[in-house]
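There are 2 protein chains.
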Amino acid sequence: MTLTVYADRMSQPSRAIIIFCKVNGIDFEEVRIDLAKRQQLSPEFQEINSMKKVPAIVDGRFKLFESHAILIYLACVFPGVADHWYPADLFQRARVHSVLDWHHSNLRSGAAGYVLNSTLGPALGLPLNPEAAAQSEKLLLASLRKIESFWLKGRGRFLLGSSQPSIADLSLVCEIMQLELVDEKDRERILGPHKRVMKWIDDTKNATRPHFDEVHSVLFKVKEKLQSTRQNVLPSKM
Amino acid sequence: MTLTVYADRMSQPSRAIIIFCKVNGIDFEEVRIDLAKRQQLSPEFQEINSMKKVPAIVDGRFKLFESHAILIYLACVFPGVADHWYPADLFQRARVHSVLDWHHSNLRSGAAGYVLNSTLGPALGLPLNPEAAAQSEKLLLASLRKIESFWLKGRGRFLLGSSQPSIADLSLVCEIMQLELVDEKDRERILGPHKRVMKWIDDTKNATRPHFDEVHSVLFKVKEKLQSTRQNVLPSKM
Chain X
1 MTLTVYADRM SQPSRAIIIF CKVNGIDFEE VRIDLAKRQQ LSPEFQEINS MKKVPAIVDG
61 RFKLFESHAI LIYLACVFPG VADHWYPADL FQRARVHSVL DWHHSNLRSG AAGYVLNSTL
121 GPALGLPLNP EAAAQSEKLL LASLRKIESF WLKGRGRFLL GSSQPSIADL SLVCEIMQLE
181 LVDEKDRERI LGPHKRVMKW IDDTKNATRP HFDEVHSVLF KVKEKLQSTR QNVLPSKM
Chain B
1 MTLTVYADRM SQPSRAIIIF CKVNGIDFEE VRIDLAKRQQ LSPEFQEINS MKKVPAIVDG
61 RFKLFESHAI LIYLACVFPG VADHWYPADL FQRARVHSVL DWHHSNLRSG AAGYVLNSTL
121 GPALGLPLNP EAAAQSEKLL LASLRKIESF WLKGRGRFLL GSSQPSIADL SLVCEIMQLE
181 LVDEKDRERI LGPHKRVMKW IDDTKNATRP HFDEVHSVLF KVKEKLQSTR QNVLPSKM
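Going down the list, the sequences are from chains X and B. For the first sequence, position 103 (counting from the first letter as 1) is numbered 103 according to this note's numbering, and the numbering increases by one without interruption. For the second sequence, position 222 (counting from the first letter as 1) is numbered 222 according to this note's numbering, and the numbering increases by one without interruption.
It is possible that part of the hints are untrue.
Sample of chain B residues lacking proximity to chain X, with all beta carbon distances greater than 12 Å (derived) [as the list claims (entries may be wrong)]:
| # | residue |
| --- | --- |
| 1 | ILE18 |
| 2 | ALA36 |
| 3 | ASP101 |
| 4 | ALA112 |
Straight-line distance between alpha carbons at most 25 Å, and here's what the computed SDA-like set of lysine to any residue pairs gives [said to hold, decoys possible]:
| # | chain 1 | residue 1 | chain 2 | residue 2 |
| --- | --- | --- | --- | --- |
| 5 | X | LYS52 | B | LYS53 |
| 6 | X | LYS63 | B | TYR86 |
| 7 | B | LYS53 | B | ARG157 |
| 8 | X | LYS153 | B | LYS146 |
| 9 | X | LYS53 | B | ALA142 |
| 10 | B | LYS52 | B | HIS216 |
| 11 | X | LYS63 | B | ARG145 |
| 12 | X | LYS146 | B | ASP8 |
| 13 | X | LYS153 | B | ASN49 |
| 14 | B | LYS52 | X | PHE91 |
| 15 | X | LYS63 | B | LYS205 |
| 16 | B | LYS52 | X | LEU141 |
| 17 | B | LYS146 | X | ARG145 |
| 18 | X | LYS138 | X | PHE91 |
| 19 | B | LYS52 | X | ARG155 |
| 20 | B | LYS63 | X | LYS63 |
Just so you know, these hints were derived from the structure itself, not from any lab. Note that the Cβ used here is the ideal one computed from N, Cα and C, for glycine as well.
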């Protein structure tokens with residue numbers, strides 16, 4: 001009975017699950033569901049997740065989707081996972097839930113909406129939408145300000161003032177990494193003013209190396225392709 | 001050391017928390033934060049929840065916001081709460097997390113967006129936005145179809161095929177109750193085709209009576225007001 005993770009490493013919650021498994025020595029088989037080929041819509045995958053989304057897991061006969069629910073499940077059922085990832089203390093655990101819930105309608109909605117509507121849409125068969133991108137950017141910026149001024153307040157280097165990362169750090173940092181895909185100027189404009197956020201991203205990378213970099217390598221390949229496309233488009237405009 | 005719940009009963013997650021406390025005999029003090037008067041923006045309330053949103057709780061020195069995180073916390077720290085609300089079994093618990101996570105970007109986003117943009121906006125100082133309402137309605141309808149065909153699949157009367165309600169049933173049903181505010185024709189058009197959803201709403205009401213009705217009474221008062229406003233506006237247009 002092996003754990004199977006259905007994922008596309010271009011999807012930020014997919015990466016969070018894969019990194020979590022690797023960092024914690026959880027044995028798993030990764031099955032790629034290629035979003036660019038719309039494999040999430042296949043009847044076979046719908047048997048795994050009726051919502052047609054990655055990530056999803058199958059552990060024995062147990063199927064689960066929604067990345068936060070998966071991270072919590074893995075932290076609870078695999079005995080080798082250190083407490084800081086999902087603290088047993090009820091107060092600390094409640095605060096981790098609070099960050100994860102906040103993530104959905106704030107950072108996730110803002111960042112994913114911005115990247116999709118400003119950059120990634122065409123790769124998934126969707127048009128760019130500058131108006132929707134601008135609206136998402138507003139929410140993204142407000143969310144980054146809240147991480148900077150509220151969630152990263154305290155002594156520790158991680159969210160909620162912790163000295164070690166939780167599943168919330170991993171989930172939120174993987175989300176922000178998606179901004180690697182947008183034009184470098186835009187990324188710098190959006191992330192640059194948030195110094196604590198930038199340091200926290202580095203701290204989370206360092207705490208999960210070498211897996212963090214390895215799992216993100218496909219994102220950086222796509223980033224390079226997008227950059228060279230932009231450079232090829234620009235001179236022809238001049 | 002009493003639990004304090006900061007809430008506005010016009011807010012669906014506020015109602016879920018209050019009903020949960022009452023059904024489970026949890027002693028609490030309710031402090032009203034009037035959203036129509038923008039009391040959530042006051043410096044005093046920002047000391048409680050820096051995100052300027054209800055519901056939020058203070059339990060001794062412990063502050064918490066985000067309604068799902070609060071429901072989980074209350075289910076864990078108050079010993080009288082029956083297991084079905086937040087099952088100790090890891091598999092059942094993971095499924096409850098999965099519904100709650102799904103709720104954020106689907107039913108909640110669709111229903112809250114639809115009610116705000118079609119009906120409630122002006123009461124909160126915001127304009128109506130028919131285009132945004134139409135977009136939210138799409139997501140709301142897709143979410144209701146998923147509840148009908150997927151989450152309510154199985155033998156039991158409640159989500160995930162359970163025979164008793166969990167915090168997910170309470171949270172999602174309180175969300176759908178917000179549709180009481182929209183024009184009766186629209187509510188019937190949206191909810192009517194989802195027979196299982198309608199029955200599940202009734203079952204959840206019955207399982208949490210008399211508290212469910214009592215906590216929703218303010219919603220029905222506002223519904224009446226909105227209806228009489230609509231009736232007074234219509235003849236003058238003729």
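Evaluation of the provided hints:
| no. | hint | in the structure |
| --- | --- | --- |
| 1 | ILE18 | holds, 18 Å |
| 2 | ALA36 | holds, 21 Å |
| 3 | ASP101 | violated, 4 Å |
| 4 | ALA112 | violated, 9 Å |
| 5 | X:LYS52 with B:LYS53 | violated, 32 Å |
| 6 | X:LYS63 with B:TYR86 | holds, 19 Å |
| 7 | B:LYS53 with B:ARG157 | violated, 32 Å |
| 8 | X:LYS153 with B:LYS146 | violated, 39 Å |
| 9 | X:LYS53 with B:ALA142 | holds, 15 Å |
| 10 | B:LYS52 with B:HIS216 | holds, 23 Å |
| 11 | X:LYS63 with B:ARG145 | holds, 21 Å |
| 12 | X:LYS146 with B:ASP8 | holds, 23 Å |
| 13 | X:LYS153 with B:ASN49 | holds, 14 Å |
| 14 | B:LYS52 with X:PHE91 | holds, 21 Å |
| 15 | X:LYS63 with B:LYS205 | violated, 30 Å |
| 16 | B:LYS52 with X:LEU141 | holds, 17 Å |
| 17 | B:LYS146 with X:ARG145 | violated, 34 Å |
| 18 | X:LYS138 with X:PHE91 | violated, 31 Å |
| 19 | B:LYS52 with X:ARG155 | holds, 24 Å |
| 20 | B:LYS63 with X:LYS63 | violated, 34 Å |
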